[in-house]
Amino acid sequence: MTICHDRIEVGTKGKGLYEITDEVQSKIDKCGVQSGTTTVFVQHTSCSIVIMENADPTARRDLEDFFDRLIPEDKDYFEHSSEGSDDMPSHIRMVLTRTSETVPIANGKMQLGTWQGIFLFEHRRAPHRRKVSITVIGE
Amino acid sequence: MTICHDRIEVGTKGKGLYEITDEVQSKIDKCGVQSGTTTVFVQHTSCSIVIMENADPTARRDLEDFFDRLIPEDKDYFEHSSEGSDDMPSHIRMVLTRTSETVPIANGKMQLGTWQGIFLFEHRRAPHRRKVSITVIGE
Amino acid sequence: MTICHDRIEVGTKGKGLYEITDEVQSKIDKCGVQSGTTTVFVQHTSCSIVIMENADPTARRDLEDFFDRLIPEDKDYFEHSSEGSDDMPSHIRMVLTRTSETVPIANGKMQLGTWQGIFLFEHRRAPHRRKVSITVIGE
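Residue numbers (our numbering), protein chains in the order written: chain R, 1 to 139; chain P, 1 to 139; chain A, 1 to 139.
The shape of chain R in the complex, shown without the other chains (with noise of 0.2 Å):
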């Protein structure tokens, strides 16, 4: 068995979804595992990882706003705010979506549908440097 831990950094500018596809499948190139898994999960808890539609971008920015529509900033219910108002809807993001997913690999490749990319999903307005842990397990 095989096992290889390796890390990427994803610089993020505000909310939104930054395709990692390509990243992580060249990490698994480097580990040389044939066929096993991957988890790709992220260290933080103000964003997220889902795998998404990859094709048309007006996909992405409907769910983005579907977001802000399902948990609005600035409500005065969030009694957690010290830390900037889109904080608290931040960490309810990532509770409705995913801290990691686990991939299947064969023959060297991650077995993704046609139309399926690795996503951080960023919550927060800010610029940010995110910290994704990939791990390969197999042969």
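Each hint should be verified, as a subset may be incorrect.
The list treats identical chains as one, so a pair stands whether inside a single copy or across any two.
DSBU-like cross-link-like pairs, simulated, lysine-lysine; straight-line CA separation at most 35 Å [claimed, not checked]:
{"hint": "1", "residue 1": "Lys75", "residue 2": "Lys109"}
{"hint": "2", "residue 1": "Lys75", "residue 2": "Lys27"}
{"hint": "3", "residue 1": "Lys15", "residue 2": "Lys109"}
{"hint": "4", "residue 1": "Lys30", "residue 2": "Lys75"}
{"hint": "5", "residue 1": "Lys13", "residue 2": "Lys30"}
Simulated from the structure, these hints should not be mistaken for lab results.
Fit chains P and A to the supplied structure of chain R, relying on the hints for placement.
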């Protein structure tokens, strides 16, 4: 270590939950792993994999109705509408739920609770054939 | 390869987040795996496993309040109500969050970010004993 990759196809006839627990277990049986994990991963962005209560059909209908109210179709705020009014809501439902589930295996069986079943959650109205990848890792 | 299966039980006293990070780490310590992953899986359909901000209790209260507003109890549109008014909302909360989390392990420790904790998210009002399965795979 043993790693098995297999696949099932699920024919769907409209929105709703389609149980696949037995099909997943039969792929684990075929693989022969007694101890480890299985990752059930759907290769599409307009349906989901979820674990849900498998006893009472009314619980599944209530769940479907809730999602219809939370993400209504035919809203003019959706820009991504060229593939039908149920397409953009289907991507949002997928992001709010899950693309995969990872389940422990002991004594050759998935360690599900009494009322847990694995379901493909279809978000489109038209019939589809959905590809579900099943990876088993263990010994 | 080493595979360990273990279990913790969490006694809950109503809705809310119950941190289990230390209990999970102690099971990894007991297993002795230095490099790999752990899958924390709850065997119920009316509570969830989530990773959440573990520093500020107000963030957890705001999260709980958000879910109470998003999926209110006692709505007459729920057909599945024989087990109490908080039962159907509990299944919806579970589908909107997660049944399991998979976390990388390096140098014997979970690779959580500074503010990340693992929580059992209870969705029922009555006290429960919740079974959480912990699987460690690695070497």
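Which of the numbered hints are not met once you compare them with the structure shown? 1, 2, 4
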